[in-house]
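S.K.: Here are the chains, one letter per residue:
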Amino acid sequence: MIWHIAKRELYDNLNSLRFALTMVLLLGLMLTNAVVHLQEHPARIQKYLSSVVDARNVLESRADSLYDLARKGPGKLYKKPSPLHFCAEGGDTFLSSAVEAHYYFWDTDDLGSFWRMQYPAATPNLTNIRPDVTKVDWAFVIGYALSLIALLFTFDSVSGERERGTLRLILANSVPRHTVLIGKFLGALISVNISFALAVLINLLVISTSSAVHLGADAWGRIGIVFFIALLYTCLFLALGLLVSARVQRSAVSLVILLLTWVTFVVFMPSILASIASGFSSPMSADELQVRRYQINDKLWEEYHQKTGVSKLQDMQVGSRLVTQDKVEQDRLIEKRLMQQVEQVQRARSITQISPAAIVQHLLESFAGTGFERHLQFLENAQHYGRQYSEFIVETDRTDLQSLHLIGVREGMSQKPVSPEAIPRFEDTLSLSKDFNTAATELLLLILFVVVLLSSAYLAFVRVEV
Amino acid sequence: MLITLVRRELLDNLMTFRFAAAVFITLLLVVANTAVLIKDYERRLEAYNTALKTHQQQLRERKTYSGGLLEIARPPNPLSIFNVGLDKQLGDETWIYHSYVPTLWDARMLGTTNPLLNLFSSIDIVFIFEVVLSLMALIFAYDAIAGERERGTLRLVLTHPVSRGQILLAKYISAMICLLVPLLMSLLLALILLTTSTTISLSTSDFLRIGGIIFSSVAYLSVFYFIGMLISAVTRRTGTALMLSMFVWGFSVLVYPNVIVAAIAPPYTSQARMVSTFDQIKQIWDELDRERKQFLANDAVPGEDPSFGMVKSGFAYEYFYEDSSVLYYHYGAGAHVEELNEESEPSVPHAQDYYRFLVPRSVDTAEQTWLVQRPALEAIFVQPAIVDRILLRFSPVGMYDAATQAWAGTDLHGLRDFFEAARKYRRTVIDYYYDKNAFRAREWFSADKGAVDWDSLPQFSFQRSDVRIHAERALPDMLLLLMMNLLLFMVILLVFTKSEV
Numbered sequence: 001m002i003w004h005i006a007k008r009e010l011y012d013n014l015n016s017l018r019f020a021l022t023m024v025l026l027l028g029l030m031l032t033n034a035v036v037h038l039q040e041h042p043a044r045i046q047k048y049l050s051s052v053v054d055a056r057n058v059l060e061s062r063a064d065s066l067y068d069l070a071r072k073g074p075g076k077l078y079k080k081p082s083p084l085h086f087c088a089e090g091g092d093t094f095l096s097s098a099v100e101a102h103y104y105f106w107d108t109d110d111l112g113s114f115w116r117m118q119y120p121a122a123t124p125n126l127t128n129i130r131p132d133v134t135k136v137d138w139a140f141v142i143g144y145a146l147s148l149i150a151l152l153f154t155f156d157s158v159s160g161e162r163e164r165g166t167l168r169l170i171l172a173n174s175v176p177r178h179t180v181l182i183g184k185f186l187g188a189l190i191s192v193n194i195s196f197a198l199a200v201l202i203n204l205l206v207i208s209t210s211s212a213v214h215l216g217a218d219a220w221g222r223i224g225i226v227f228f229i230a231l232l233y234t235c236l237f238l239a240l241g242l243l244v245s246a247r248v249q250r251s252a253v254s255l256v257i258l259l260l261t262w263v264t265f266v267v268f269m270p271s272i273l274a275s276i277a278s279g280f281s282s283p284m285s286a287d288e289l290q291v292r293r294y295q296i297n298d299k300l301w302e303e304y305h306q307k308t309g310v311s312k313l314q315d316m317q318v319g320s321r322l323v324t325q326d327k328v329e330q331d332r333l334i335e336k337r338l339m340q341q342v343e344q345v346q347r348a349r350s351i352t353q354i355s356p357a358a359i360v361q362h363l364l365e366s367f368a369g370t371g372f373e374r375h376l377q378f379l380e381n382a383q384h385y386g387r388q389y390s391e392f393i394v395e396t397d398r399t400d401l402q403s404l405h406l407i408g409v410r411e412g413m414s415q416k417p418v419s420p421e422a423i424p425r426f427e428d429t430l431s432l433s434k435d436f437n438t439a440a441t442e443l444l445l446l447i448l449f450v451v452v453l454l455s456s457a458y459l460a461f462v463r464v465e466v
Numbered sequence: 001m002l003i004t005l006v007r008r009e010l011l012d013n014l015m016t017f018r019f020a021a022a023v024f025i026t027l028l029l030v031v032a033n034t035a036v037l038i039k040d041y042e043r044r045l046e047a048y049n050t051a052l053k054t055h056q057q058q059l060r061e062r063k064t065y066s067g068g069l070l071e072i073a074r075p076p077n078p079l080s081i082f083n084v085g086l087d088k089q090l091g092d093e094t095w096i097y098h099s100y101v102p103t104l105w106d107a108r109m110l111g112t113t114n115p116l117l118n119l120f121s122s123i124d125i126v127f128i129f130e131v132v133l134s135l136m137a138l139i140f141a142y143d144a145i146a147g148e149r150e151r152g153t154l155r156l157v158l159t160h161p162v163s164r165g166q167i168l169l170a171k172y173i174s175a176m177i178c179l180l181v182p183l184l185m186s187l188l189l190a191l192i193l194l195t196t197s198t199t200i201s202l203s204t205s206d207f208l209r210i211g212g213i214i215f216s217s218v219a220y221l222s223v224f225y226f227i228g229m230l231i232s233a234v235t236r237r238t239g240t241a242l243m244l245s246m247f248v249w250g251f252s253v254l255v256y257p258n259v260i261v262a263a264i265a266p267p268y269t270s271q272a273r274m275v276s277t278f279d280q281i282k283q284i285w286d287e288l289d290r291e292r293k294q295f296l297a298n299d300a301v302p303g304e305d306p307s308f309g310m311v312k313s314g315f316a317y318e319y320f321y322e323d324s325s326v327l328y329y330h331y332g333a334g335a336h337v338e339e340l341n342e343e344s345e346p347s348v349p350h351a352q353d354y355y356r357f358l359v360p361r362s363v364d365t366a367e368q369t370w371l372v373q374r375p376a377l378e379a380i381f382v383q384p385a386i387v388d389r390i391l392l393r394f395s396p397v398g399m400y401d402a403a404t405q406a407w408a409g410t411d412l413h414g415l416r417d418f419f420e421a422a423r424k425y426r427r428t429v430i431d432y433y434y435d436k437n438a439f440r441a442r443e444w445f446s447a448d449k450g451a452v453d454w455d456s457l458p459q460f461s462f463q464r465s466d467v468r469i470h471a472e473r474a475l476p477d478m479l480l481l482l483m484m485n486l487l488l489f490m491v492i493l494l495v496f497t498k499s500e501v
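Chains A and B, in that order, give the protein sequences. For what it's worth, the numbering used here labels the leading residue of the first sequence as 1, then goes sequentially. For what it's worth, the numbering used here labels the leading residue of the second sequence as 1, then goes sequentially.
If we strip away everything but chain A, and leave its shape as in the complex, we get (with noise of 0.2 Å):
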């Protein structure tokens, strides 16, 4: 039975104008979006490619020296660009793409200030005086055009059914009123998604087809997850739909409810709350950590003072402890001060999560492998490279006897050079399960979003008095 009333829906949804704007409307967004992809993502490709081999090669051109490696550290970081870029763009535009091991600090005759890792905002393009607009993504697409469109298909499904005059008669025949209600929901949901997944198919289509943009098995398994928390998005919305349209007398009213709400919740609700929760933490500021620096530096400069004078052997252990000591507690600052920085933006992005199109936001950022869960990541992986490339530089200086085995001064470390291909290799990864952990919480937020709004509707429909 649920079945027939799928399908009497079905029919009547495929012959109407609502489903030929919708097919349209999709379709030309994810044309675009296939063709910006295309024109854009090479490029990209190319860009990171390079850059990681220029840096490359800088590092190995200090590999004469083992204290130049030491000091001056592993140089410029890349983030490794995501193959799905066009499910989310994950406002990468703000994300710095790099962090940099910067080694410039202070420098004397025989000390020079450690590298440290410096995380770097992203360089804004100030010449592009283009007019800022929102990117054509999937996330765009599913988040704005089809929660949109799944109103659309709702709103008059129940009220519509009861200005007409048709509600009564279903009702009459034998047919118990859940069934009626899944009946339509299958309706809606199925041509929603035909027009949805022939979009979809025909960005893929044409994304795949061309030699520059590759995907992989696991890119494809992410395109499914995507898919399918599109799905539920799609599902959350007509429930919506269907709890109004139940709820209202007349399908007009309906309309103006679900589009009020629609409009809040999706178009201003995110970024609204964002910025007010962001008004609460206040990190520390670049002049601050500035302060803060130069003390340390003076407070170890004091005691380095002290201690030498005595031997040319104890100087070079003072000095040597001086560096070290400035690179940890340096570093140690500098990834507080990220941290609140992060902490920040963690605490603004879950406050968001009333929203669902904020949630969905989020998930399609963290399958598409960008945006801020993705940059979290980097920010772990270049961190972790950091300190095995410290461990590599003690490791070296300790194969060779005849060095003083004290890292940070130039005499008491190793001289010999290092074998280039011995200095380990960044490599930014991309991991699905990674992805899963941090991104449970929020499909279960969003599955309970649905099964609420679902059975509320059920609810509300079965109270319905024809």
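Honestly, the hints are just simulated from the structure, not real lab data. The beta carbon of each residue, even a glycine, is placed where N, CA and C say it ideally should be. Treat the hints with caution; some may be incorrect.
Stated by the list, open to error - Sample of chain A residues with no beta-carbon within 10 Å of chain B, all distances over it, derived: (1) Thr-32; (2) Val-36; (3) Leu-259; (4) Ser-271; (5) Ala-286; (6) Val-310; (7) Glu-421; (8) Leu-443; (9) Val-452; (10) Leu-454.
Stated by the list, open to error - Simulated DEER-style distance windows between Cβ atoms: (11) A:Val-452 - B:Pro-476: 45 to 53 Å; (12) B:Ile-3 - A:Leu-444: 57 to 65 Å; (13) B:Lys-449 - A:Arg-44: 36 to 44 Å; (14) B:Phe-24 - A:Ile-447: 26 to 34 Å; (15) B:Ile-3 - A:His-178: 35 to 43 Å; (16) A:Ile-354 - B:Glu-42: 21 to 29 Å.
With the hints as your guide, set chain B onto chain A.
M.R.: Relative to chain A, chain B alone:
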């Protein structure tokens, strides 16, 4: 008769749920958002004030004319709360140097405490109107004619001796009154919030500009009402009218502006022009470099050291700075000598001669290159942006956005005003140097016989353009909006008079 009709329509509209919802949502969004935006503005103002303080500090520490940079900052625009435009997107700190002409493309951004927060897009008041009010206008309009036709009341109304034009006008006037209520109320609340904030002071000219924004909003609203009415006039059923209206809304407000800019690829064709212009600029500077080296070779001091070995403590610098991506190239040279090497005292007059030759020459060279740079920048960066904005204007949203940006002064013109002022200030500073005979002074490079007194240096202050100029800039888009109104009204009239009841 018209008044009776308007009254009837007005009562019909005012008592509806959609009216209450419109007022509620607009007020809620605008008030919540204005509070957020004011806070954001205050943060930016604070960053600006800190920058000013730092610049003052730098100037105090600078003891020679050439030993440092003179920096200026762009104050945030209080009307960016209405339409942020390019105000937050482009650089807001630039420097004044005799051999460098400041442009929009090599300005810097003032730092923020947390650059990651840029992830959250900020929404301005005009965007709320763009989305919510256009939706409201369509919701008010979709059943204006189709609904009456369905209910059969249209036939009834038309039996009275009223012209069809009057009926349309009555519907239009009453709906606009209803739509103006949430618009004006929310703007009023926003203005109250703005004026109670202690950091924002609005001048009379600002209020006039806000008036311009309100006027554009009304014109925009009316365009969408007419679009809805047209759909309502051509369709038979309200259901169809509603569906069509929603898709038209989604397309013109959400889809079109984003798709059109994304679909049009950035122009890579200008790369050749970029390279050739950069070479040209480089050649002009190379010419100066040659003359400079010749001068050093021919003067009485042996060697070509431009700092003449004078520095005992302090610093001397000489550099060619280049950034080919924005056609930025210039030569800078100078010194900040705290203590002079005693044996080099005889070469001080030579250094003075050298700078007297070099500095005016580099001022001229900078201006010469600017003549080459300006049209190239215009062609490479500004033209594509203008094309984008023309394409955006095919949707009423684009016109409205452009008009309000022009009123707020956050459009490209408004931002370029600042850099124009910066260039003017550079001229003022150079004239000041000439007046003081700074180029041939010992203080140009050395502070050993007393530091430069900066008190009489003219201060930089940036005045936003006059309201009249803003109005002139907004005029084309305002006219477009008004024309669209008229056009739509005529089409509706035509369709409606021709249609059978």
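S.K.: Does the beta carbon distance between Phe-24 (chain B) and Ile-447 (chain A) stay inside 26 to 34 Å, or does it fall outside?
M.R.: For Ile-447 (chain A) against Phe-24 (chain B), whose Cβ atoms are near 31 Å apart, the range 26 to 34 Å holds.
S.K.: Taking 10 Å as the cut and beta carbons as the points, is Val-452 (chain A) off the interface with chain B?
M.R.: Correct as stated: the minimum Cβ-Cβ distance to chain B is 23 Å, above 10 Å.
S.K.: Just want to verify: Ser-271 (chain A) was marked as not at the interface with chain B; is every Cβ pair farther apart than 10 Å?
M.R.: Violated: least Cβ distance 5 Å, not greater than 10 Å.
S.K.: Honestly, do Val-452 (chain A) and Pro-476 (chain B) meet the 45 to 53 Å range at C-beta?
M.R.: holds, 50 Å
S.K.: According to the definition I'm using, a residue is off the interface if its beta carbon is farther than 10 Å from all beta carbons of the partner; does Leu-259 (chain A) meet that for chain B?
M.R.: The assertion about Leu-259 (chain A) is violated, with a minimum of 6 Å to chain B.
S.K.: For Val-36 (chain A), is the shortest CB-to-CB distance to chain B above 10 Å, so the non-interface label stands?
M.R.: violated, 5 Å
S.K.: For Leu-443 (chain A), is the shortest CB-to-CB distance to chain B above 10 Å, so the non-interface label stands?
M.R.: holds, 21 Å
S.K.: Please settle this one: Thr-32 (chain A) was flagged as non-interface, so is its CB more than 10 Å from every CB on chain B?
M.R.: For Thr-32 (chain A), whose nearest Cβ neighbour in chain B is about 5 Å away, the distance does not exceed 10 Å, so it is violated.
S.K.: A range of 35 to 43 Å was offered for this pair. Does it hold for the Cβ distance of Ile-3 (chain B) and His-178 (chain A)?
M.R.: Between Ile-3 (chain B) and His-178 (chain A), where Cβ atoms are some 53 Å apart, the hint is violated.
S.K.: The hint says 57 to 65 Å between Ile-3 (chain B) and Leu-444 (chain A); measuring C-beta to C-beta, is that right?
M.R.: holds, 59 Å
S.K.: Do the Cβ positions of Lys-449 (chain B) and Arg-44 (chain A) conform to the proposed distance bound of 36 to 44 Å?
M.R.: violated, 57 Å
S.K.: Indicate whether the distance between the beta carbons of Ile-354 (chain A) and Glu-42 (chain B) respects the range 21 to 29 Å.
M.R.: With a Cβ separation near 26 Å, Ile-354 (chain A) and Glu-42 (chain B) satisfy 21 to 29 Å, so the hint holds.
Violated hints, listed in ascending order, are 1, 2, 3, 4, 5, 13, 15; each of the other numbered hints is respected by the structure.
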